[in-house]
Amino acid sequence: MSQVATVVEPAESPLTPDSWGKLGMWIFLAGDAMSFGALLAGYGALRAGSVDWPVPQEVLGIQLTAFMTFLLICSSLTMVKALAAIQQGVTKGLTRFLGLTILGGLTFLGLQAYEWTHLISEGLTLAHNPFGSYLFGTTFFLITGFHGAHVTGGVIYLTVVVLRGLKGHYSAENSNGVELVGLYWHFVDLVWILVFTFVYLI
Amino acid sequence: MVSNHQTPNYNMVFVALTILTALEIGVVFVPLSKVIVGIALILLALVKASLVALYFMHLKYEKLALGIVALSPLLICALLIVGLLPDLAGTKHQTKAETAVHLESADHAVSGITE
Chain A
1 MSQVATVVEP
11 AESPLTPDSW
21 GKLGMWIFLA
31 GDAMSFGALL
41 AGYGALRAGS
51 VDWPVPQEVL
61 GIQLTAFMTF
71 LLICSSLTMV
81 KALAAIQQGV
91 TKGLTRFLGL
101 TILGGLTFLG
111 LQAYEWTHLI
121 SEGLTLAHNP
131 FGSYLFGTTF
141 FLITGFHGAH
151 VTGGVIYLTV
161 VVLRGLKGHY
171 SAENSNGVEL
181 VGLYWHFVDL
191 VWILVFTFVY
201 LI
Chain B
1001 MVSNHQTPNY
1011 NMVFVALTIL
1021 TALEIGVVFV
1031 PLSKVIVGIA
1041 LILLALVKAS
1051 LVALYFMHLK
1061 YEKLALGIVA
1071 LSPLLICALL
1081 IVGLLPDLAG
1091 TKHQTKAETA
1101 VHLESADHAV
1111 SGITE
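So the sequence lines, in the order shown, correspond to chains A and B.
Using our numbering, the letters of the first sequence map in sequence onto residues 1 to 202.
Using our numbering, the letters of the second sequence map in sequence onto residues 1001 to 1115.
These are computed hints drawn from the structure, not numbers from a lab.
Only a predicted model underlies this, so the values are computations on that prediction, with no experimental measurement involved.
Positions of the beta carbon are idealized from the N, C-alpha and C atoms, including for glycine.
The reader is advised that the hints may include incorrect statements.
Claimed, not checked - Capping the alpha-carbon separation at 27 Å, the derived lysine-lysine pairs in DSSO-like fashion look like this: (1) A:Lys-81 / A:Lys-167; (2) B:Lys-1063 / A:Lys-81; (3) A:Lys-167 / A:Lys-92; (4) A:Lys-92 / A:Lys-81; (5) A:Lys-81 / B:Lys-1034.
What the hints assert, rightly or not - Chain B is nowhere near these chain A residues, computed Cβ spacing over 12 Å in every case: (6) Leu-23; (7) Pro-56; (8) Leu-119; (9) His-169.
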């Protein structure tokens, strides 16, 4: 008369058969995309309603940010190379390429700090803008700051994965953790592509 | 349709992204109407974002349903923009000069009261 509680768990994730973690990461990223979407939509509404919105390129300059964009694209490339390396079982390639990815992220953050410092010294802050509508400063710092926080989080995340990689945690059969950090990192790159267009170029 | 780990040519994707970025910088300085330049820039950005999602994030090799999950924010953002449209109709924020005039008259009013 033994009653065995049988809780049947689905063996594989419905949308991502190879990993539940991947489904979780994608759902998180979809939610995160909505945060960025809300910020960009709000930005568009404020800008469309403003009569003295400055021309972004004239205030912000685009040479530096174009280079920052290129930097993130490079770091996305090293990220996929890191995943490709561990999928072939090459741990050394994994840690080396992840290290380069982290370097790209840190350089991006350094350049952003430089850019912010420069703009603040010119009088552009959250609440002040000598070149026109103060909302330009508000939205600029809010959106690039929110993205910069994501880059910072990504650098920390990547560092954890590198440390685990150095301990031999990943292998050709067990590369899911690397794929997940990759998804996050590419998403941060993808968002920057949009931020670069809407905040700097248009 | 199990995701088979074909590896796309990452280097080619990287080159495409770099070229598209260079194109974007070029488009900014094309002497056409702001609307046309803006539309071109948004299209270029969408192509770049798609390249990152499809190849770097392997969305091309995943199930269609995951792609729908990934695209759902776009739909919701589109709804948000529709919701914001009424706010844009007819409302213009004050310019700095107008704000200054308002502040000045407010100052007068205040000093009138205190005197």
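Structure-based check of each hint:
1. For the hint pairing Lys-81 of chain A with Lys-167 of chain A, the CA-to-CA distance comes to about 20 Å; that is within 27 Å, so the pair holds.
2. Restraint check: the Cα-Cα separation between Lys-1063 of chain B and Lys-81 of chain A comes to about 23 Å, which is no more than 27 Å; the hinted pair holds.
3. The suggested pairing of Lys-167 of chain A with Lys-92 of chain A holds, with an alpha-carbon distance near 11 Å, which does not exceed 27 Å.
4. At roughly 12 Å between alpha-carbon atoms, Lys-92 of chain A and Lys-81 of chain A fall within 27 Å of each other, so this suggested pair holds.
5. Taken as a hint, the Lys-81 of chain A and Lys-1034 of chain B pair is broken in the structure, with Cα atoms around 39 Å apart against an allowance of 27 Å.
6. Not every CB of chain B is more than 12 Å from the CB of Leu-23 of chain A (nearest about 7 Å), against its label as outside the interface.
7. At roughly 10 Å from the closest C-beta of chain B, the C-beta of Pro-56 of chain A falls inside 12 Å, breaking its exclusion from the interface.
8. Once the 12 Å rule is applied to beta carbons, Leu-119 of chain A is consistent with being away from chain B; the minimum gap is 18 Å.
9. Distance check for His-169 of chain A against chain B: the nearest CB is about 20 Å away, which clears 12 Å, and the non-interface claim stands.
Taken one by one, the earlier hints fail for this structure at numbers 5, 6 and 7, listed in ascending order.
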